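Participant: Here is how the chains run, residue by residue.
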Amino acid sequence: MRRERLRVVGTQAVGPYTLVRLRRGRLQPGAPGQFFMLEAPGRPLPRPFSLCTASAGELGFLVEPLGKGTTAIASLDVGDVIHVTGPLGRGFDLDVARPLLVGGGIGVAPFPFLSERLGAPPALLGFRTAFHAEAAGLVPNATVVLDPVLVTDALPPDPGDVLACGPEAMLDALARVVPDAQLAREAPMACGYGACYGCVVDRDGRYVRLCLEGPVVRGGTHGSPTGPLLPVAGAADGSWAPAGQSPAPPAKEHVSDDASNSTVAG
Amino acid sequence: MSVPILNASGCLDALAAPEVARSLDAFVTKTITPEPREGNPPVRIAEAEHGMLNSIGLQGPGIEAFAATQLPRLGELGVPVWVSVGGFSAEDFALCSERLDAEPLVAAIELNLSCPNVDEAPETAAELVAAARAATKKPLYAKLSPAQWDVAAGARAVVDAGADGLSLVNTIRGLALDPVTLRPRLARAVGGYSGDALRPIALACVYACANAVDVPVVGMGGVSTGLHALELVAAGASAVALGTSLFSDPLAPARVREELGAEAAARGFEDPADARSISVVNSEKSLQIASNGTA
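If you read the protein sequences in the order shown, they are chains X and Z. The first sequence begins at 0 in numbering that gives the first Met the number 0 and counts up one residue at a time. The second sequence begins at 0 in numbering that gives the first Met the number 0 and counts up one residue at a time.
Worth double-checking, as some hints may not be accurate.
Cross-link-like lysine to aspartate or glutamate pairs, in silico, DMTMM-like; alpha carbons within 20 Å at most [as the list claims (entries may be wrong)]:
no.	chain 1	residue 1	chain 2	residue 2
1	X	Lys67	Z	Glu102
2	X	Lys67	Z	Asp177
3	Z	Lys136	Z	Glu102
The hints are simulated quantities; they were obtained by calculation from the structure and are not laboratory data. For clarity, every value in this text was computed on a predicted model and none was experimentally measured.
This is chain X alone, in the form it adopts within the complex (with noise of 0.2 Å):
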């Protein structure tokens, strides 16, 4: 495990979202789906993220500033320098013969890295405005559907091997239709290293770190706490951060506070 100070080169608008771009160090990037945890200056905890972009030398991250966390990390400057810790996690299996990507809001976060690994494969991308899907520009090959269209919707017939990453509801409805996707899931979690058992999601009826196990997983992993087998009282109120916006019907306007809106998917 590296954790080191990285300074900021590079800070772009897209949309809404903020790409925070990091000279690298001795940090590798890893594999597609794994994330780093950022320290967000003046908050207690850091916050997870998945790598955006890997160009030569550079870290990028892309960044939706929602919570205090989040905008102290999208409010950084060049020549700003904050801790980074990473890779971690398991990333996607890279191993797919018919790739398709298919994402929603800030969880295209992981894509434009993973498309480059997988040579621009198609992807599908769900945003809930145009001003949002200005991030579909980072990703080679994308078909974009905006609000009240699902990607669920929009989905080919024989969509191949799935690649996703959104909100919870978006990845729980792909999960049905394609029960073998590959789903880069997120949780609140304080230390991305497996040390709180913060992130814990339910994995047939146990509950795991996702940090460790994931944030990666196969689809039929229950890793909504709205998910069916163990419900969780208090669990709607909106405390768990979407991966992005939910080019669904949101069922809960996403409340912005502190380490809730960290997510592991962007």
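Fit chain Z to the given chain X structure using the hints.
Facilitator: Leaving out everything else, chain Z in the frame of chain X:
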């Protein structure tokens, strides 16, 4: 190392991050209970101002699976292993302590008498310690809650019951509300509050207890720098544990150890342990240092 640096129980999985565990002077396990536990439902973590809340709820494999599968692997780390045990009755504490008594890999047992996220045992802390004491000859550290008006009285009671040392402090209950919905952000509403805000509370508890009893104290609560560690030593701790700071900085143990040495040296202490109890009013050492003008 004169002032050992440990992790706070539940703040490190040595098997998931062995290099972090090896950077400690002793590794303290997550609390082990007699039976396996899935723990509390998510959401389990919420950041708060000046710290964080957790509601994990003692997720773990149970004492038998722990002893059979995890303990041997922990023994390969090459650092002393302290096992934190917990439960819901004196019988639970006795059972776990007895099971560990014959395990040579266990350097000490920490009794989690104060988990803020599960139901409490009906017995008093002293009764739980007494039950464990009767079941093992291992060194027993009693981990106390800071949420008691007279923590020194609690310390005397558990030491009288057979505790060989104290771990001070556990988290304190806190609540965080969603700013929009005003509903609790944790699934179980209330969780254990840790981090920066706990530090003065931990200092007060260590200060009170180190004055009240003559056993070693592991100080913990909001330690993220060497100066924080030195303050706990000055209040009476003989070892220091890192908790929440490990979440944001897995490399904290080596850094804190180095800073601790430098902070002690800057104040004229050859060894950080020489600063032990220096803050305690009327102690012989503090008077001596004060008269030397080096404090």
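Participant: Look at each hint and say if it fits the structure.
Facilitator: Cross-check of the supplied hints:
no.: 1; hint: X/Lys67 / Z/Glu102; verdict: 47 Å, violated
no.: 2; hint: X/Lys67 / Z/Asp177; verdict: 13 Å, holds
no.: 3; hint: Z/Lys136 / Z/Glu102; verdict: 11 Å, holds
In terms of the numbered hints stated before, the structure departs from hint 1 and from no other.
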